[in-house]
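Novice: Keeping the supplied structure of chain A fixed, place chain B upon it in accordance with the hints.
Same order as they appear, the protein sequences are chains A and B.
FYI, in the working numbering the residues of the first sequence are 1 to 262.
FYI, in the working numbering the residues of the second sequence are 1001 to 1263.
In short, the hints are calculated from the structure, not lab data.
The C-beta atom is built at its ideal place from N, Cα and C for all residues, glycine as well.
Treat the hints loosely; a few may be bogus.
Taking beta-carbon pairs under 8 Å as the criterion, some of the chain A residues facing chain B (in silico) [what the hints assert, rightly or not]:
#1 Val28
#2 Trp29
#3 Arg31
#4 Phe151
#5 Thr153
#6 Leu154
#7 Thr157
#8 Leu158
#9 Gln160
#10 Val161
#11 Arg209
#12 Ser210
#13 Met214
Listed below are the residues making up each chain.
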Amino acid sequence: MIPQFLLYALLAGAGVALVAGPLGSFVVWRRMAYFGDTLAHSALLGVALGILLQIHPLLAVIVSSLVLAVILVALQTQKLLGDDTLLGILSHTTLALGLVCAGLLADTRIDLWGLLFGDLLTTSATDLLIIYAVAILVLIVLWRCWRALIFATLDETLAQVEGVPVVRLRLLLMGLIALVVALAMKVVGVLLITSLLIIPAATSRRFSRSPEVMAVGASLLGVIAVAGGLGISYFLDAPAGPSIVLAASTCFALGLAFPRRT
Amino acid sequence: MSQPSDKALVSCEQVAWRRDGVDVLQGVSFAIAPREIVTLIGPNGAGKTSLVNLVIGLADPTGGRVPRRDKLRLGYMPQHLRFDSSLPLSVERFLRLATSDRNALTHYSERLGIAGLLGQQLQKLSGGELQRVLLTRAVLRKPELLVLDEPTQGVDVLGQAELYRHISELRDELGCGVLMVSHDLHLVMAKTDTVICLNRHICCHGAPESVARHPEYLQLFGKQAAEDIAIYTHHHDHEHDLHGDVVPESHHHHHDHSGCHHS
Chain A
1 MIPQFLLYAL LAGAGVALVA GPLGSFVVWR RMAYFGDTLA HSALLGVALG
51 ILLQIHPLLA VIVSSLVLAV ILVALQTQKL LGDDTLLGIL SHTTLALGLV
101 CAGLLADTRI DLWGLLFGDL LTTSATDLLI IYAVAILVLI VLWRCWRALI
151 FATLDETLAQ VEGVPVVRLR LLLMGLIALV VALAMKVVGV LLITSLLIIP
201 AATSRRFSRS PEVMAVGASL LGVIAVAGGL GISYFLDAPA GPSIVLAAST
251 CFALGLAFPR RT
Chain B
1001 MSQPSDKALV SCEQVAWRRD GVDVLQGVSF AIAPREIVTL IGPNGAGKTS
1051 LVNLVIGLAD PTGGRVPRRD KLRLGYMPQH LRFDSSLPLS VERFLRLATS
1101 DRNALTHYSE RLGIAGLLGQ QLQKLSGGEL QRVLLTRAVL RKPELLVLDE
1151 PTQGVDVLGQ AELYRHISEL RDELGCGVLM VSHDLHLVMA KTDTVICLNR
1201 HICCHGAPES VARHPEYLQL FGKQAAEDIA IYTHHHDHEH DLHGDVVPES
1251 HHHHHDHSGC HHS
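So here's chain B without its partners, still in its complex pose:
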């Protein structure tokens, strides 16, 4: 977080994003350094996906700047693919749209456990399989910055833990920065360097432990979240113990943040 912005892969400088007369984001500033894992958390409608879109250049900010490192190679893992099942496409063919490097394709397919799926048709994959294929695809671009929008959607708890482990290992192997949006606070916090807690503006940011104690964080996510972090801290010592897991969605019931309207 404190890295000087000239070394950053990408940074946001006082970024604002306004759509259909609604201020989705205001005064957002942060930077992602090489090898840094930044996790974006926040309630529904907090502007997480909007912020990701600004970072990857899918949208231009209505205020402020988003300077990127020159010719920054992005690997983007979307929440889901919107393809029509009438399009016949094998997993291998899908991956070859990202790279022509067959060795890399073989390597990362084995690395992420999808080697056995290469001949499968894309629309036949389960949620967890598709997420791993999408991650493989993003990695095949040899990214300097890996951007993941809710990478564990439709993945069971064990699969989630595995996916986060893959992400942090890939960061070490590729030396890339990572920006991810996540709801799985208790799982993700162990694998992240910086947490940004977003609700139309940056409520708080920093190392996971300090964010978890921040009053705005507690106000945003309520008591339930504090219990979550207690579980998280516990996990930190006993990584395999996934019992007593708290359903992430429960945060929203406790969320009351005056002056915030959800779109």
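If we strip away everything but chain A, and leave its shape as in the complex, we get:
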């Protein structure tokens, strides 16, 4: 019989991994890895603001991520600087601001280590509820917009000519990623979130001949990484978040040993 805290951790991690599969695939297809990183770094600021304003940290992170996504889209309309530069500025500014705020809030015992690297093992029943509610919402939205999202990801111009609302889809995808980043923070922490999005998707790419296979494969690989990582963490007494990332990386490395299917 596995202890309850481990069961909760497994369920929470699996829930996030399931939704990170398809979304992470879009992050890979659209080369948005750095965007995910920026959202993740800003999440720390969200938590600090949440404590300051006394709202649930998860909610605070979701709101701050969405605000950041909007700021980024607004900045992108000027074309002097590349996206990677803008993201770099936003990413580190928000991370620094978050760390400063966390420092100022030192007396409220903010768990910086847990925020940076995840604290999956302290998952509560409420956390589980929030994770699964958000995950199901994101999956339903993805399901309904799947075809248009694939088309717009393939070629935005062509999709736009044929009447696909590409700008709205881009915003939608950013919003969904923001939601999942907020969830994944609990699992692997702000510094490692992107890995949960892109490593399973990248591993799955090798064995996929269609976008759906890649997305579902990424979900399964994510769940395997969460289970494997928690196993490592439990038996070696290693931190859970980094163990999960290492399990995902191991899957990726093992995948390289198999012949590509495409």
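Specialist: Relative to chain A, chain B alone:
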């Protein structure tokens, strides 16, 4: 060209397009009638792609109007796809994004010689194969207007001739109008009804033979172009003779058109 604009699929009325303080297009007027093949030629930076974008509604003109026939069905073949190779997608799946009509998919795949490629992954295709897949996709939309932006990029000379033959046959089969941007003057002129010679404004337009003799055309493309057309006229009688082919890029060396700045 002379068709009344109420019958036109799409027309440009005194269209101007200004971007970042630069006048890319000014005073452009023309119309595309059903079943008409209109070819857009012009040097690099002449605003050809900008004009195409205005016609297909990717951009709105900063001056003038671009009235389109109500609910005009567009088939657009872009210069290239910008997709990332991390996206696994078969040719068949790609085509099914355009239509759910499997019979049409089979028909046009065979018609354009890509039936054998349907199971292939998109990123594995050669330049010529991808162009034919993109053309098939545009056609599967059952377009009233087919818009092709440099359809022969990355295609060898024999493939180019074949692609232009396909385009003119498809026009007859679908009864659609065609707007295409092309550099392959000598190849395209045999298959086109109207040529528009563009350099930020319409320098000249009309039937291929009359455009080829127009002084502005000669000034724009230089002596080399005139030789090109001589070859073209020759081709008109002997279609299979592709020898003595002139590299299209050579036009640009001869291009001098005072007052035109290339962006």
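Novice: So, against the hints stated earlier in the document, which numbers end up violated here?
Specialist: none
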